[in-house]
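Here the structure of chain A is known, so what remains is to put chain B in place on it, guided by the hints.
Here the protein sequences line up with chains A and B, keeping their order.
For the first sequence, the numbering used here begins at 1 and goes up steadily by one.
For the second sequence, the numbering used here begins at 1 and goes up steadily by one.
Please keep in mind that the hints were generated in silico from the structure rather than gathered at the bench.
Note that beta-carbon positions come from the ideal geometry of N, C-alpha and C, so glycine has one too.
A portion of the hints provided could be inaccurate.
[Said to hold, decoys possible] Straight-line C-alpha distance at most 27 Å; calculated DSSO-like pairs for lysine-lysine:
(1) A:LYS117 / B:LYS54
(2) A:LYS127 / B:LYS54
(3) A:LYS178 / B:LYS54
(4) B:LYS89 / A:LYS178
(5) A:LYS97 / A:LYS26
(6) B:LYS54 / A:LYS26
(7) B:LYS86 / A:LYS178
(8) A:LYS26 / B:LYS89
(9) A:LYS97 / B:LYS95
(10) A:LYS137 / A:LYS127
(11) B:LYS54 / A:LYS97
(12) B:LYS89 / A:LYS137
(13) B:LYS87 / A:LYS178
(14) B:LYS87 / A:LYS26
(15) B:LYS86 / A:LYS26
(16) A:LYS117 / A:LYS127
[Unchecked claim] Partial chain B-side listing against chain A, Cβ under 8 Å, derived:
(17) TYR20
(18) THR24
(19) GLU36
(20) LEU37
(21) MET38
(22) ALA56
(23) ILE80
Here is what each chain is made of, one letter per residue.
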Amino acid sequence: MNVAQILFYVMAFVVVASALFVASSKNLVRSIFMFFITLFGLAGLYVLALADFVAVTQIVIYVGGVLVLILFAFMLSGKETLDVLAQQKGKFISVGKLPALLLASLFFVVMVNVVLKTDVNNLPWIKQVTAANAAIKPTDLMVDNIGINLMTRYLLPFEAISILLMMALVGAAHLARKERGAI
Amino acid sequence: MITLTDFLIVSASLFCIGLYMIITKHNAIQILIGIELMLNAAILNLVAFGKFDKIANGGQIFALFAIVLAAATTAVALAIILNIYKKYKTIDPGKIDGLKD
Numbered sequence: 001m002n003v004a005q006i007l008f009y010v011m012a013f014v015v016v017a018s019a020l021f022v023a024s025s026k027n028l029v030r031s032i033f034m035f036f037i038t039l040f041g042l043a044g045l046y047v048l049a050l051a052d053f054v055a056v057t058q059i060v061i062y063v064g065g066v067l068v069l070i071l072f073a074f075m076l077s078g079k080e081t082l083d084v085l086a087q088q089k090g091k092f093i094s095v096g097k098l099p100a101l102l103l104a105s106l107f108f109v110v111m112v113n114v115v116l117k118t119d120v121n122n123l124p125w126i127k128q129v130t131a132a133n134a135a136i137k138p139t140d141l142m143v144d145n146i147g148i149n150l151m152t153r154y155l156l157p158f159e160a161i162s163i164l165l166m167m168a169l170v171g172a173a174h175l176a177r178k179e180r181g182a183i
Numbered sequence: 001m002i003t004l005t006d007f008l009i010v011s012a013s014l015f016c017i018g019l020y021m022i023i024t025k026h027n028a029i030q031i032l033i034g035i036e037l038m039l040n041a042a043i044l045n046l047v048a049f050g051k052f053d054k055i056a057n058g059g060q061i062f063a064l065f066a067i068v069l070a071a072a073t074t075a076v077a078l079a080i081i082l083n084i085y086k087k088y089k090t091i092d093p094g095k096i097d098g099l100k101d
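Only chain A is shown next, with the shape it has when bound in the complex (with noise of 0.2 Å):
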């Protein structure tokens, strides 16, 4: 038990509880703030997966863009989504929610079965890896790396997702504009 593992655990706790909390909270601007903490939690898991440019493009897109789009979105929409927020009576689990319960929790048991049955630690392209000594190690700086495969091996996928990006937020603006007449 070395303090990755421990620093996992608590990670892995305070993402799932702070999710949990996300689900199951009547509070809107609660529960907004919540996943705040489940995205820094996030951020600290792929850490612990030797991802540290994924945690920062983590911490920066999601908390510094999408969270406060979110709220952005919430603070536009004003009093009416509190007030539908405010109809949902009952507490987390009551009958009307118990399918969903039912259906998430049944997937959740079919997935965890699926992750034990495959064995993912001793699939034969991990087990390769590991027996030639090439996964990632806590001291090798990956970023560089990431770079220059960005722009050689993924240049396709790369170009195609900033057109895609592009196209997403012109779009965006184009709806979000203000117009006298139809939408």
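Frame of chain A; chain B shown alone:
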């Protein structure tokens, strides 16, 4: 040693929490948060497997792509939600039942 199975189980539980949110919530913003949770579960899987791919870095780079896609999705979805709010004065997906005319 943190094994791959641990990451996959955390990600499975995140995915199921997101699924539960999408099914039960009566608020488009909360449904969007559920979708984000599911996307994050997928990204966690990509990153966890990416640890074993040192040369090509496939897992980490596609995790980056997935994060960018999630940001684009959120921007468009929130624009749609704002438009729907302007037209119907509610963002409960169960109450939005009219087409354009």
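Hints, verified against the model:
1. For the hint pairing A:LYS117 with B:LYS54, the CA-to-CA distance comes to about 26 Å; that is within 27 Å, so the pair holds.
2. Taken as a hint, the A:LYS127 and B:LYS54 pair is honoured in the structure, with Cα atoms around 14 Å apart against an allowance of 27 Å.
3. Proposed proximity of A:LYS178 and B:LYS54 is contradicted: the alpha carbons are some 48 Å apart, above 27 Å.
4. Only pairs whose Cα atoms come within 27 Å are accepted, and B:LYS89 paired with A:LYS178 is accepted, the gap being roughly 16 Å.
5. Straight-line distance between C-alpha atoms of A:LYS97 and A:LYS26 comes to about 14 Å, which keeps the hinted pair within the 27 Å bound.
6. Our distance criterion of 27 Å between C-alpha atoms is broken by B:LYS54 and A:LYS26, whose separation comes to about 44 Å.
7. For the hint linking B:LYS86 to A:LYS178, the alpha-carbon distance of about 10 Å falls within 27 Å, and the restraint holds.
8. A hinted pair counts as satisfied when its Cα atoms are at most 27 Å apart, and A:LYS26 with B:LYS89 qualifies at roughly 20 Å.
9. For the proposed pair A:LYS97 and B:LYS95, the alpha carbon gap of about 18 Å is at most 27 Å, so the pair holds.
10. Annotation: proposed proximity of A:LYS137 to A:LYS127 holds, straight-line Cα distance about 16 Å (limit 27 Å).
11. Distance restraint check for B:LYS54 and A:LYS97: the Cα-Cα separation of roughly 44 Å exceeds the 27 Å cut-off, and the hinted pair is therefore not satisfied.
12. Among the hinted pairs, B:LYS89 with A:LYS137 is inconsistent with the structure: their alpha-carbon atoms are about 53 Å apart, more than 27 Å.
13. With a C-alpha separation of about 12 Å, the suggested pair B:LYS87 and A:LYS178 falls inside the 27 Å cut-off, and the hint holds.
14. Under the criterion of a C-alpha separation no larger than 27 Å, the hint pairing B:LYS87 with A:LYS26 is consistent with the structure, at around 25 Å.
15. For the given pair, B:LYS86 sits about 24 Å from A:LYS26 by alpha-carbon distance, which is consistent with the 27 Å threshold.
16. For a cut-off of 27 Å, the pair hint linking A:LYS117 to A:LYS127 stands: about 16 Å separates their Cα positions.
17. Interface hint at B:TYR20: satisfied, since its Cβ lies 4 Å from the closest Cβ of chain A, which is below the 8 Å cut-off.
18. The criterion of a C-beta within 8 Å of any C-beta in chain A is met by B:THR24, whose closest approach is roughly 5 Å, and the hint holds.
19. A least Cβ separation of about 7 Å between B:GLU36 and chain A falls short of the 8 Å threshold, and the interface hint therefore holds.
20. Annotation: interface hint on B:LEU37 holds; nearest CB of chain A at approximately 6 Å, less than 8 Å.
21. Because the smallest distance between the Cβ of B:MET38 and any Cβ of chain A comes to about 11 Å, over 8 Å, the interface hint for this residue is violated.
22. Among the interface hints, the one on B:ALA56 holds; its C-beta lies about 6 Å from the nearest C-beta in chain A, closer than the 8 Å criterion.
23. Here the hint on B:ILE80 is kept, as its CB sits about 6 Å from the closest CB of chain A, short of 8 Å.
Checked against the numbered hints above, the structure breaks hints 3, 6, 11, 12, 21 and satisfies the rest.
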